[in-house]
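With the hints as constraints, model all of the structure from the sequences given.
Protein chains in written order, with our numbering: chain U, 1 to 147; chain B, 1 to 508; chain E, 1 to 222.
No lab work stands behind these hints, which were simulated from the structure alone. From the three backbone atoms N, C-alpha and C, an ideal C-beta is built for every residue, glycine too. It is possible that part of the hints are untrue.
As the list claims (entries may be wrong) - Sample of chain B residues with no beta-carbon within 10 angstroms of chain E, all distances over it, derived:
1) A65
2) S340
3) L406
4) W426
5) A441
To be verified - Calculated lysine to aspartate or glutamate pairs in the EDC-like style (CA-CA distance at most 20 angstroms, straight line):
6) K385(B) with E453(B)
7) K378(B) with E453(B)
8) K54(E) with D7(E)
9) K120(B) with E199(E)
10) K33(E) with D206(E)
11) K378(B) with E217(E)
Claimed, not checked - For the chain U half of the interface with chain B, some residues (derived, Cβ under 8 angstroms), not all of them:
12) A70
13) A73
14) V80
15) G83
16) F84
17) A91
18) N92
19) F93
20) D95
21) D97
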Amino acid sequence: MSPHLILRVVSKLLIPMIVVFALYVQFHGDFGPGGGFQAGVVTAVAVILYALIFGLDAAKAAVPPSVAQAGAALGVFIFVGVGFATLFLGANFLDYDVLHPNYEHRSGQHYGILLVELGVLSTVSSVMLVIFYAFASRVPDIKDEEW
Amino acid sequence: MMELLGALIPSALAQHAPVLLVVVPLILSPVAAVMPNGRIAWVIALIGVAFTVLMLPPLFAGVQADAVMSYALGGWAAPLGIEYRVDALNLPILALVGIIGFLCTLYALPSVADEVDEGKRAIFYATFLVCFAGLLGVAVTGDAFNVFVFVEISSLSTYGLIAMGAGRDRRALTASYNYLVLGTIGATFFVIGVGFLYMATGTLNMADMARVLAENGHDRVTQAGFAFIVVGLGLKAAMFPLHVWLPNAYAFAPNFVTAFLASTATKVAFYALIRFLFSVYHPDVTFVDLSSTWVFAVVGTIAMIVASVQAVFQTDARRVLAYSSVAQVGYMMLGLGIGSADGLAAGLLHLMNHAMMKGALFMALGAFALNYGVSRVKDLAGMGKSMPATSVAFTFGGLSLVGVPLTIGFTSKWYLILAALENGWWWAVAALILSSLLALAYVARLLMPIWFENAPTHGGAVPKVQRVPWLMAVPMGILALANIYFFFHAAPIVNLARGAANAVMGGF
Amino acid sequence: MFDILADRAIYMPIIVLMMMGLYVVVATGNLVKRLVGLSIFQTSVCLLYITVGKVFGGQPPILPPAHHGEDHGEGHAAEAGHAAAAASSHDAPVHDAPAHDAADHAEPAHGEAAHAEPAVADTGHAEEAAHGAASHAQDAVQHVADAAHHADAAPVHVEGAIDGVLYSNPLPHVLILTAIVVGVATLAVGLALVVRIREAYGTIEDTALSAADYSAETGGRE
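Given below as structure tokens:
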């Protein structure tokens, strides 16, 4: 039996649930504690857990470092891009009201917050992953077999 | 001229100028980060910085028309929303950061290509754009917590930029680490101070804070907040006992980074200090007035003398200039400590002049480093023959530091001496003259090897004149000539400084 | 004397943490431990903000569905329970009862805030609460929250669409979130630097590092 059998099985069960929980926290940010930063960290935790159990190479195959770096840039671009979109639509920077014509129910604010939180999610999870990959990829002093 | 340039910018852009100034470099940063090579990333950085410079004429026009340009972020009006305010105080700072940033970015292409690995250049330029946006954000915002956010944005990217010098000298890493620890402590002190202010006033908008403090008086919470804010921003501005991070950080960072930071980072922190001192707390309040006399003036005077003495004994050329920067910040602190509009104007004038001086000096050192790998003072031997144009630029900057007449250094020291005399502070005048003599000592230490010593001959060959890439030579030449030009045409800059001081002495 | 101490006792752990963090930064020679001390220091600041922002009995600052259209009903279903409970306990007419309840809530909150002058923000925010019309829901929430937080027996003249529910002030929480993110980023950059220092120097003890740097400098002198 593989020495880490329990860990592998349990993590295979848990990682999808962690991702779902991250999405829950992301969308729940409107109504309670949550939002982009927290969700981003939890998403990154899912991938980091995978890396810890199954090895760094497997994690890098699942979420390549280039994807993580691109995700970081993409998130900032989305956030500031929403601001530019509001500028192009004629209002002040990050004035979400113009994003949707339904002013009475403040749909513009909803759309705006959802989009910027999406950007935050992308950036935070990607940055956490990039940091993890950067640290974990250093050549170790003591090889794994010698522990 | 500003009106003409301002008319060229479409009004749709001009009305959003306060925010576009900050946001365009910020959005170009992730674009630069994913570029495949350094050259394209440099082009993107140049576009971002150029856009910021283009946004300056509308701001000049707006401030001339209205005295204050206010921009409500997100459509939420102040004091609830975050507001960006441009008035006569931060307009010169924005112009300074923008123009120096533009010149330094031009300078960057050959310099960074020499010092940073190819694979890291794209991220390097992206980090630079974030730092640039952060510094502009500190200068333009009217919300106290937003100042903290932008201070941290610019500081974190600065730590990264400084550490990029590790390719040449591994001491950049320890320098950046020490700056990180000290800078974070400073920023945290600042946020504690803002927290106290928030507790006392219930608002984060600086104009609103001033109104509430004026109505309700200054209790102990606001005094404690004041102390924390002064220490926090003083650390970022390299005020005397809190300056220990600066020499190593400037000495080991890549030359482009040093040229940019030396001209902008401490100046922006100094501006933030003035903003809090005069526009949130009122200068007539007892503890503010006392701190001006007993903290800023005293600390500035000590800095002028002690840091200049330390500069004389350094062996690394950039460390000499770094300690000199600490001394020059002391001049600015003295101007602030004098407490009158003339003193503040003199301090701000010195701020702008010093940016031009140090920009030229560090750019020249970078040019020396590009061609000859110069880092120590004795490496400068013989540069006068091998790189005459660069040596002339370096000389202009050095003479300016001393305060020789015909240079802008003389202008700002003159105004400082006048302001000190008006206040009756003979000891300050004596300190100014003493530190100018000390500046003569360390500048002479730098200039003598350049002009009066011969280059170490390798096999007896006569050193030929080495050319500097034009992208480096043009910005360096512009800044060096500015040192002389603005002595003869001092009016624009002196008026900017006076306008800034008067705007702030009259309340927010 | 004792009640003053008891009111301000919450600040003791904050100050202790702050000083512990600073002491660790100064006293340790290990670079990683220094960063840990820095994190403790930054955490204490977050605690400081939470302390100030605490409103006893405050609800999340979300308007109950009765004040929006039914479109928002499903989104706020989870909050309907909260709002209903809050609304039922504040059935009395708008002005006096909430002011009174708010004052009750505000008294212990005040002790926690340890204001020398609780009335400082009162004038500003009472006026603003009056101006805070229903058009800006978030503003009004914040106004009521601030007004409720800082009220002391002076009846807060609350207009607008809020009927007597005591809301938490979201602003300190936002400030803390920002401070936490900044702390995380600082820690990440610091640790990255430590990893690079370890690879470049072979050590992370700062006495060894200073010795190495000094010898590099003086070695280079010749």
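Hint by hint, here is what the structure shows:
1. A65: Non-interface label stands for A65(B): nearest chain E Cβ at 28 angstroms, farther than 10 angstroms.
2. S340: The claim stands: S340(B) keeps its Cβ more than 10 angstroms from every Cβ of chain E (closest is about 30 angstroms).
3. L406: holds (36 angstroms)
4. W426: Given that every Cβ of chain E is farther than 10 angstroms from that of W426(B), nearest at about 39 angstroms, it holds.
5. A441: holds (19 angstroms)
6. K385(B) with E453(B): With a Cα-Cα distance of about 9 angstroms, the restraint between K385(B) and E453(B) holds, given a limit of 20 angstroms.
7. K378(B) with E453(B): holds (10 angstroms)
8. K54(E) with D7(E): holds (13 angstroms)
9. K120(B) with E199(E): holds (18 angstroms)
10. K33(E) with D206(E): holds (11 angstroms)
11. K378(B) with E217(E): Roughly 14 angstroms separates the two Cα atoms, so the pair holds.
12. A70: This hint holds: A70(U) lies near chain B, its Cβ roughly 6 angstroms from the closest one there, short of 8 angstroms.
13. A73: holds (3 angstroms)
14. V80: holds (4 angstroms)
15. G83: Given a least distance of 6 angstroms, the restraint on G83(U) holds.
16. F84: holds (7 angstroms)
17. A91: Status holds, d = 6 angstroms.
18. N92: holds (5 angstroms)
19. F93: holds (4 angstroms)
20. D95: holds (3 angstroms)
21. D97: holds (6 angstroms)
Checked against the numbered hints given earlier, the structure satisfies every one of them.
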